[in-house]
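Chains as they are written, first to last, in full-length UniProt numbering: chain A, 1 to 397; chain B, 1 to 229; chain C, 1 to 276.
Since the hints were derived computationally from the structure, they do not count as laboratory data. Cβ atoms here follow ideal geometry from the backbone N, Cα and C, with glycine treated the same way. One thing to keep in mind: the hints can contain errors.
25 Å max Cα-Cα, derived SDA-like pairs, lysine to any residue [said to hold, decoys possible]:
1) B:K127 / C:K211
2) C:K6 / A:T17
3) C:K209 / B:T41
4) A:K344 / A:P382
5) C:K211 / B:T96
6) A:K344 / A:D45
Counterexamples of contact, computed for chain C against chain A with all Cβ distances above 10 Å [stated by the list, open to error]:
7) L89
8) S137
9) K169
10) E183
11) Y240
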Amino acid sequence: MKRYWRLIAVILLVVLTIGTFYIQSAIAANGLQDITVEKVSGNEDEMEPVTISGSYMLGNAMDESVQVDVEGTTYGSEQSFFKRFRNGFFHERILQLQQAHRNFMRGKGGSISSYMETADTLAYANVINQTMPGRGEIKFDIAVLDKKNDETTSFTVPVPNRAMYAQVQVQDVQMTDDELHVMTRNYPRDGGEEAHLYRFDIPDQDITGDDTMISGDIQESERTYFNMVTDSDETASHDDVIFKKTTRTSGLDDDQNSGAEQPAQDVTNNYIIYDPETEETRSLELPESLVDQDILDRDNTTLYFGSQQQIVQYDLETEQITSEIEVPTSYEETEKLGSITRIKNDKAYMLTRNQQAPRRLLVLDLTSGNTLFEGKIKLDEPVGQDASLHFYELSVE
Amino acid sequence: MIEVNDIKKKFGRKQVLNGVSFTAEKGKITCIIGINGVGKTTIMNAIMNLTPLNGGQILMNGESIGKQSYEQITFIPDAIIMQPNMTIAESMQFMTDFYDSWNQERATELLDFFKLQESEKINNLSKGNRAKVNLLLGLALDVDYLLMDEPFSGIDIFSREQIAEVFTSHLVEDRGVIITTHEINDIEHLIDKAVLLDEGKVLTEFNSEEVRETEGKSVVDVMREVYQQ
Amino acid sequence: MNRFLKLVNFELNRFMNIYLVLIALTVIVQAAGVIVTANAYMDKANQAINEEMLSAAQFIEQYGAMSFLDFARGLWFTGPIAVCAAALLFYIFMIWYRDWLGKNTFIYRLLMLPTARLNVYLAKATSIVLMVLGLVSVQLIILPLENSVLKWMVPADFRTDMTVGQIVKWDYLSILVPQSFTEFILYYGAGFMAVSVLFTAILFERSFKWKGIFLGIGYAAISAIIMLSPLLATAFMDHYYLYPLETFGLEVGLGLILTALTLWMGHYLLTKKITV
Chain A
1 MKRYWRLIAV ILLVVLTIGT FYIQSAIAAN GLQDITVEKV SGNEDEMEPV
51 TISGSYMLGN AMDESVQVDV EGTTYGSEQS FFKRFRNGFF HERILQLQQA
101 HRNFMRGKGG SISSYMETAD TLAYANVINQ TMPGRGEIKF DIAVLDKKND
151 ETTSFTVPVP NRAMYAQVQV QDVQMTDDEL HVMTRNYPRD GGEEAHLYRF
201 DIPDQDITGD DTMISGDIQE SERTYFNMVT DSDETASHDD VIFKKTTRTS
251 GLDDDQNSGA EQPAQDVTNN YIIYDPETEE TRSLELPESL VDQDILDRDN
301 TTLYFGSQQQ IVQYDLETEQ ITSEIEVPTS YEETEKLGSI TRIKNDKAYM
351 LTRNQQAPRR LLVLDLTSGN TLFEGKIKLD EPVGQDASLH FYELSVE
Chain B
1 MIEVNDIKKK FGRKQVLNGV SFTAEKGKIT CIIGINGVGK TTIMNAIMNL
51 TPLNGGQILM NGESIGKQSY EQITFIPDAI IMQPNMTIAE SMQFMTDFYD
101 SWNQERATEL LDFFKLQESE KINNLSKGNR AKVNLLLGLA LDVDYLLMDE
151 PFSGIDIFSR EQIAEVFTSH LVEDRGVIIT THEINDIEHL IDKAVLLDEG
201 KVLTEFNSEE VRETEGKSVV DVMREVYQQ
Chain C
1 MNRFLKLVNF ELNRFMNIYL VLIALTVIVQ AAGVIVTANA YMDKANQAIN
51 EEMLSAAQFI EQYGAMSFLD FARGLWFTGP IAVCAAALLF YIFMIWYRDW
101 LGKNTFIYRL LMLPTARLNV YLAKATSIVL MVLGLVSVQL IILPLENSVL
151 KWMVPADFRT DMTVGQIVKW DYLSILVPQS FTEFILYYGA GFMAVSVLFT
201 AILFERSFKW KGIFLGIGYA AISAIIMLSP LLATAFMDHY YLYPLETFGL
251 EVGLGLILTA LTLWMGHYLL TKKITV
């Protein structure tokens, strides 16, 4: 045996070291923080549907994804390889759809805005062939699942005037009866931006319309941007499309001023609403107090505006403010990052993201204005000098 | 018995062996004679399955050569085939490890016979001594057949005599030997059978003893006749 | 002990001197590196505090606290790893060619051993994998030691501590030491496959000389295309119909088939086509 010491030594070295390493990393604490939501007041059951996602960074090199829910903290590295592998490629909502409709979802990519789900329909639209150059024409990839009889209609159609666009991004998908609406943001090759609505006849499997809803413009002294006002549940169904249009007018571009402070800019916001049925665009006449506030969320009937102090609900049909709710003063939002707010089931779920102050999670009843739950994000120990904990997503089941 | 049947081998466009056939028997010394480059080494390699053939077949006791054959047949090329940084003792250990047919007693005997030091590194040996180590490593295997490729080439006269002596000793007796050479003189009196090769073919194959007795010719005489035609 | 293990032991012996040098190089250079890096950081800190009148907190705010990764990113740490990787990559070729090169053609002996020639092939592949894993193990052993040296040299206020588990998640270390044992098996299984493809390519060259170079390169290229085919499918097809775990299963299946095919091809070349 003595002559084989090298073989034995190398095998022992490998088996013992690597074995110990993996056994130890399986049983020992991984040095990662246990993050919990500590109740300050209210009913803890309100936490049930909430999942907070974030990342824990250490020494600006280690990046560990983390999820906090009522069950506790889960770090990415704590999941099994297979789970990480299955989940790593898709948005969580898409994963849910994949589980529920395994066959329909096969071969479908895109982001979550490519999907729309109602009780009896699941619709999908994406623009394919535009990431790889030389892959042939860019086209719409359309599929609609009729949940009741489990029938799928799918087809592809070239994007109209495709040569004009450098890129076409799907922003939302909606459906009325047999007509599928695909809202896109198109980037023409000669600059600017356009919001399009493409109509598809599902039984005929063809494209039936291409409306330009709004377009952005960049001129010397005036720049116009638009952003679609989206629902935090991107698969939800809406009757109309809302845009926030921002116009920046810069003062005189005097060369002598360059090097000094930026010329003062005038920023005006207004909201445009597009009705696919009538193909009409109109401006939303918002009360002065709301125009410059941030939109927290929307659903089919209501826009939710918010600030540090209050949440304002604005009814789209009556064009009236329907309620104003005060946010408790303990919920302080003193940061650049802003907070995350999700509206669901007539409740507002709010999370502050300031790293310095203890972060708070708040659940408000939007009808009564009562605070249903208030929690404080609690860490085992404060994050270290070079470490940081960011939350970037608040999802409500 | 080793049967070489109609073997053919090409290197590029050059037909090195063009239907060579002969047999070698156990207990006899068969000598393959030919000028350099005639394909003698290729025949050896082919018998040991160290080079693919373009045709023909080689059988040992009626079967083709496989991994188990290497306990029954061994090859002693003219270059040393051990790790040069090993000592003689380590080389012998290597053979013990891998060959069931290794005969340590005979190895020790050969070591004495060749007056080699076990602790010497192969690298540091003279050419003659390296050839001896090579012979030792082959001869100490209890195999039925021994293949030797040019065992005398480039070796001093004293080593040659010593090596030649081996052939008449009990170390070789009973085994079948196939030996290649282009210098027949050293072993002319030892060989039982001569196979003369030229241009990829066997020119003639004869029993040297018979020729000596019946025609009174030596192997060299026959060679002269054959090659000068 | 069977002939295969004897062969593995033999192959390890043949490279042991260089291998020990590689280990020594890694240990010495990294040990020196951690000391030099920590010293340099502390010198900078002392200078800033003494000359620029910064407080320790201000210094950290400006330059950041020292973490193990500051050392791991530097050449002191990555250099030896790169040298070891290059040496073993080179040896994948040399483990075969050394048997053919020079006056002493050891390949005669190896091919005339009374054992399946595939054992020679597998023993060489196994020793390569063992040597890679050995170096990874050495790195795993010295990591906590280096981590301790760092803690010992840099005061707590100036550093961000990391566990070995956190360190190995960084960049290429996470490939050498995968996160879970499942991945470990997958990565090194893939490594074994790659080594066997290279071996078979080398045997193509050894069997068919000039023509063999093209055959060998062709074999390696086809292997790569087979393994990348799911990825190519995503790039060249309108729809890619497989779910990630299905693709994963497909890759594992392809890998196993390709490895089996490669070993069979190696066996075939060694028994039927090889020339000494």
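Checklist entry - What hints, given by number in increasing order, does this structure fail? => result Per hint list: 1, 4, 5, 8, 9, 10, 11 violated.
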